[in-house]
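Chemist: So the chains spell out like this:
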Amino acid sequence: MKVVVFWGCRILTSQFAYEMSVRETFPKLDVELVDLSETNCCGDPVKSMNDFAANYLAARILALANNTGLEHLLVPCNRCHFVISEAKNIMAKNDDVSKKVGELLKEEGLIYNPDIKIWHTIDFLHDLIGLKSIKKAVRKPLKDLKLATHVGCQIIRYSELGRVDDAENPQKLDELVNELGAKSIDYAEKLDCCGANLMHSHVDSALSLAGTKLASVQSYDVDGLVVSCPDCGLMFDFKQKDAATTAGVKLELPVVYYTQLLGLALGVEQEKIGLHLNQSPIDKLLSKVSA
Amino acid sequence: MSKFWRRFKRLVLKRKRKKEAIKLSLTDLMSMAKPNLESREKILHKLSGRELVNCFQCIKCTSGCTALKLLELKPHEIIKLFNLGFVDELASSDIIWTCATCLKCLQRCPQRASPYHVIMALRNLAVEREAKVPEGYLKAVSRILETGLAEGVQDVVSRKMEVFNRENLKLPKIAYPKESFQAAFMKAMEER
Numbered sequence: 001m002k003v004v005v006f007w008g009c010r011i012l013t014s015q016f017a018y019e020m021s022v023r024e025t026f027p028k029l030d031v032e033l034v035d036l037s038e039t040n041c042c043g044d045p046v047k048s049m050n051d052f053a054a055n056y057l058a059a060r061i062l063a064l065a066n067n068t069g070l071e072h073l074l075v076p077c078n079r080c081h082f083v084i085s086e087a088k089n090i091m092a093k094n095d096d097v098s099k100k101v102g103e104l105l106k107e108e109g110l111i112y113n114p115d116i117k118i119w120h121t122i123d124f125l126h127d128l129i130g131l132k133s134i135k136k137a138v139r140k141p142l143k144d145l146k147l148a149t150h151v152g153c154q155i156i157r158y159s160e161l162g163r164v165d166d167a168e169n170p171q172k173l174d175e176l177v178n179e180l181g182a183k184s185i186d187y188a189e190k191l192d193c194c195g196a197n198l199m200h201s202h203v204d205s206a207l208s209l210a211g212t213k214l215a216s217v218q219s220y221d222v223d224g225l226v227v228s229c230p231d232c233g234l235m236f237d238f239k240q241k242d243a244a245t246t247a248g249v250k251l252e253l254p255v256v257y258y259t260q261l262l263g264l265a266l267g268v269e270q271e272k273i274g275l276h277l278n279q280s281p282i283d284k285l286l287s288k289v290s291a
Numbered sequence: 001m002s003k004f005w006r007r008f009k010r011l012v013l014k015r016k017r018k019k020e021a022i023k024l025s026l027t028d029l030m031s032m033a034k035p036n037l038e039s040r041e042k043i044l045h046k047l048s049g050r051e052l053v054n055c056f057q058c059i060k061c062t063s064g065c066t067a068l069k070l071l072e073l074k075p076h077e078i079i080k081l082f083n084l085g086f087v088d089e090l091a092s093s094d095i096i097w098t099c100a101t102c103l104k105c106l107q108r109c110p111q112r113a114s115p116y117h118v119i120m121a122l123r124n125l126a127v128e129r130e131a132k133v134p135e136g137y138l139k140a141v142s143r144i145l146e147t148g149l150a151e152g153v154q155d156v157v158s159r160k161m162e163v164f165n166r167e168n169l170k171l172p173k174i175a176y177p178k179e180s181f182q183a184a185f186m187k188a189m190e191e192r
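In order, the protein sequence lines correspond to chains A and B. Counting from 1, position 32 in the first sequence corresponds to residue 32 in this note's numbering; the numbering is continuous, with no gaps. Counting from 1, position 65 in the second sequence corresponds to residue 65 in this note's numbering; the numbering is continuous, with no gaps.
Just so you know, these hints were derived from the structure itself, not from any lab. Note that the Cβ used here is the ideal one computed from N, Cα and C, for glycine as well. There could be a bad hint or two in this list.
Below, a sample of chain B positions facing chain A; criterion: calculated Cβ distance under 10 Å [stated by the list, open to error]:
id, residue
1, 35
2, 71
3, 85
4, 88
5, 121
6, 123
7, 127
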């Protein structure tokens, strides 16, 4: 199966481990990834400044995807997934916006196509590839790993838009984790936000939110936290030390992307899925896997 | 120079000049508040389909709000003030910039009132009126104008303190947008 990918800004500019692990694991599940001929911001920060411009940016992604002629668009970032899905919804409902956006795109010779199906990593693997195929592909089951999952906010809300999983009780990521042989836990703070969006305006509050959540996950005595959004990865992994200082807690929690975990289970070399790039102390988790 | 670009420059300069602008809380602003029903109508029109006026203050939004504990954002209060027409006060307050956009408020609203969409519309209005905008957003937009992306590409340091970038990780080059993108984006930013 061929699928076109829109990575978004965060993955392309700093969350390389997510990109590497998707590029490495998807072909092993018979998925061919096609990059967009050019990329732009999905419109997330622009949404706060000018709603129309944000919709234009998101629509431009769909128009660029249209150029490839493929019907599936993979958007591994939660925020991009939300912004593009909402823009698609607005374009369908509001003729005024869709007309104006269409004209702007036409200036660049682009054509908007509403029929492209938008996928996130989680539902792509869970619904399209299927749990069975994933289980079949596993070479090194991740036995003895007890993990907490963090799906993030914007791929599960708001349901009216048609989201990836249930808004109050998301289970797909847990099922995907369990399929690799590991054990996911249910915990009270599962739906708490990582705070990434506040990094634009209230850095301390953002770090404090991340630190508090990490501290509670750590208290459940898990081997690690699994994320599937580059913003959550940034907050929980890259900024774990800052979060610990701001929240006044001691944090030593391994944080990995689901696709990295998948790579481990598929038997991919650690360097190829960017496991050397994680900033959180994941060596504890890795030693348990290779043991 | 385009209209948008001029306005944007002004916004950035203004921001620099009053770095220590007096912070006004909603309570301060409300002491001399006057309802502005015209602005309220405009936003209601923009958010058609979101039944804001149906809010019955059940406070489900505020009880689940991510920004409540640390930043005292109370979505139900914003909806109430908005419905009473205090749009100007809301647009010039700091409180609208504390939303973490976790979307729990609109997910849980039994009346489809969506505090999130109101907050976003108020932010748009604040930008339109050249009120203070957190620097992070201004930076993101100027980066999009320059490169098409909201973030600058970084070098990252591994746990063993080695420096990595896209090149030595053998990741493909970023396909920045064509030049024609800039003009189209500026045009889009002028749209209201």
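Chemist: Hint by hint, which ones does the structure fall short of?
Modeler: Numbers 1, 3, 4, in rising order.
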